[in-house]
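Residue numbers (my numbering), protein chains in the order written: chain A, 1 to 255; chain B, 1 to 324.
It is possible that some hints are incorrect.
Listed next, the in silico BS3-like pairs over lysine-lysine satisfying Cα-Cα at most 25 angstroms (straight line) [stated by the list, open to error]:
(1) B:LYS194 - A:LYS243
(2) A:LYS243 - B:LYS290
(3) B:LYS194 - A:LYS143
(4) B:LYS198 - B:LYS321
(5) B:LYS15 - B:LYS215
Keep in mind that the hints were calculated from the coordinates and are not lab data.
The model shown is predicted, which means the values in this text are computed figures rather than measured ones.
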Amino acid sequence: MNVYVILKQTFDTEEKIVIQNGKVAEDGVKFVINPYDEYAVEEAIRLKEQSGGIVTVVSVGPERSAEALRTALAMGADEAVLISDDRIPADEFVVSGVLAAYFTDKSYDLILGGNFSVDNGAGQVAVRLAELLGIPHISSIIKLEPSGGSAAVRRDAEGDLEVLEVSLPALFTAQQGLNEPRYPSLPGIMKAKKKPFQQLSLDDLDVHTGALEPKTSQVELFLPPARQAGQILQGDIPAQAAKLVELLRTQSKAI
Amino acid sequence: MSRTYLIIAEHRDGKLRQVALEALQAAVIASGDGDSLSAVVLGSQLDSLAGELSSYPLSDIHVIEHDSLIHYNAEAYLAALSPVLDSVQPDAVFTGHTAIGRDLAPAIAAKLQAGQLSDVIAIEPSDGQIVYTRPLYAGKAFEKKIVQDSRSVVTVRPNNIPAAQPTEGHQARIIKVDTPANSLRTVVKEVVRKTSGKVDLTEAKIIVSGGRGVKSADGFKPLEELAGLLGGAVGASRGACDAGYCDYGLQIGQTGKVVTPEIYIACGISGAIQHLAGMSQSRIIIAINKDPEAPIFKIADYGIVGDLFEVVPLLTREFRKVLG
Numbered sequence: 001m002n003v004y005v006i007l008k009q010t011f012d013t014e015e016k017i018v019i020q021n022g023k024v025a026e027d028g029v030k031f032v033i034n035p036y037d038e039y040a041v042e043e044a045i046r047l048k049e050q051s052g053g054i055v056t057v058v059s060v061g062p063e064r065s066a067e068a069l070r071t072a073l074a075m076g077a078d079e080a081v082l083i084s085d086d087r088i089p090a091d092e093f094v095v096s097g098v099l100a101a102y103f104t105d106k107s108y109d110l111i112l113g114g115n116f117s118v119d120n121g122a123g124q125v126a127v128r129l130a131e132l133l134g135i136p137h138i139s140s141i142i143k144l145e146p147s148g149g150s151a152a153v154r155r156d157a158e159g160d161l162e163v164l165e166v167s168l169p170a171l172f173t174a175q176q177g178l179n180e181p182r183y184p185s186l187p188g189i190m191k192a193k194k195k196p197f198q199q200l201s202l203d204d205l206d207v208h209t210g211a212l213e214p215k216t217s218q219v220e221l222f223l224p225p226a227r228q229a230g231q232i233l234q235g236d237i238p239a240q241a242a243k244l245v246e247l248l249r250t251q252s253k254a255i
Numbered sequence: 001m002s003r004t005y006l007i008i009a010e011h012r013d014g015k016l017r018q019v020a021l022e023a024l025q026a027a028v029i030a031s032g033d034g035d036s037l038s039a040v041v042l043g044s045q046l047d048s049l050a051g052e053l054s055s056y057p058l059s060d061i062h063v064i065e066h067d068s069l070i071h072y073n074a075e076a077y078l079a080a081l082s083p084v085l086d087s088v089q090p091d092a093v094f095t096g097h098t099a100i101g102r103d104l105a106p107a108i109a110a111k112l113q114a115g116q117l118s119d120v121i122a123i124e125p126s127d128g129q130i131v132y133t134r135p136l137y138a139g140k141a142f143e144k145k146i147v148q149d150s151r152s153v154v155t156v157r158p159n160n161i162p163a164a165q166p167t168e169g170h171q172a173r174i175i176k177v178d179t180p181a182n183s184l185r186t187v188v189k190e191v192v193r194k195t196s197g198k199v200d201l202t203e204a205k206i207i208v209s210g211g212r213g214v215k216s217a218d219g220f221k222p223l224e225e226l227a228g229l230l231g232g233a234v235g236a237s238r239g240a241c242d243a244g245y246c247d248y249g250l251q252i253g254q255t256g257k258v259v260t261p262e263i264y265i266a267c268g269i270s271g272a273i274q275h276l277a278g279m280s281q282s283r284i285i286i287a288i289n290k291d292p293e294a295p296i297f298k299i300a301d302y303g304i305v306g307d308l309f310e311v312v313p314l315l316t317r318e319f320r321k322v323l324g
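Produce the complete structure using the sequences and hints provided.
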């Protein structure tokens, strides 16, 4: 089976955000594979271990994204592709178009991605890609069982569980609970260094100029106002509980 | 030049979802004189729903009824929407940032070659542009965005934009739309409603949330009792989910859901950065934790230092007194 995983490198979720010169500062930040994409990588590797095939991880992003792809190779993916080019703006319309151009001449049974990225959080690129490729998509999956030309899927829909079947090729986005991603082993890290790693620019892909015009643009970036610590209630616990309910009524007018 | 707006109105258990009216209000804010607003509803037996919608400021309501639309199916919904998108030719499509909206909107955006603004929390017209505010890093930062000269798709986060109000005496035109016959590659076999009768986490006004401090699946019981009394929902931290005390569907944080309720009650949650990202925009935060040094107290409006298994039942008792 031919499985592709599209992934993005993101800040670790324990990082604080600092804005410098109108941009999010990246100095000293720990980068990781977007946690939702990591489930997708793990799932692809498990499918390969069960029934063979090739797992290719693909990322559109800055040069630093190579590290995330190498981590995926160390986990067990077979090949990596980094599409990096300053002419690609951070706009979901453009990024999905670039990916679609990459996939034009590829053959695939499954494309996996994350439910959303923990940085931008828009959750658009994977679903847009499926639409551009004309294949069905199922997002937020927590179970995936391909067999023959179709796949049985379980999907989390705001806490409800949906059981679906879809014909392949199809695109899926991973939700928490799909699996428990492995850590790269030392032999895995060593092997990853010898695995095929392809770097592409726009010159290698057939993307027309109109497709590089972003559809949206940022006019302001700001941090939310810092929350102040409020009051720690005093007294014995029953008195504190009564006080809290009273404050919610009188001070906060919340109930 | 007049513009057209299309609202995909989501419903659940035969009722319009609150977020559908919030998406409609977003379109009302974005629109100007002479613009037209249309809505579309998909499902089966939608007469009363369409009737309810018709008093809102809409020119027409497209009603698409078919058995294949009873449960959400991305492919079936997209195919059914296609003739409406063709006839309305919307400049902008608005819907909720919900399980359905998150899944459907990017596909529509791709189809329309539109820009999409996801998870929008505020909309304001400014100098002839519409400015959309949305979170980054789950709310550790925010950005304001505009759409370049193109069509747009907007998903709005529940609980952030006021709901649209009905217009007295108004009657929108109801248009029944046929579903095109097509063979679907995706089949919904079964839907297990685990949330029936429960308040949706992202739409909840009050959330009672548990962390590692709840110690077990059973430990969530006092939290459920309090949430039930307050008409709220139960949430959890990543720690509680990773420990297997609850479903990942309850997780609040940078991974998981971002929530903005009126009252957030954090029980046995220390307050890791990734959790704070998902809840610190709540109006009132209450922290209950045994550890007085827990970071959650630094952002809480009210804190009680104590064992949640002692505090939560007492709180439930006090609320019960007040609420009768």
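Review point. Which of the stated hints cannot be reconciled with the structure, identified by number in ascending sequence?
Key: Per hint list: 1, 5 violated.
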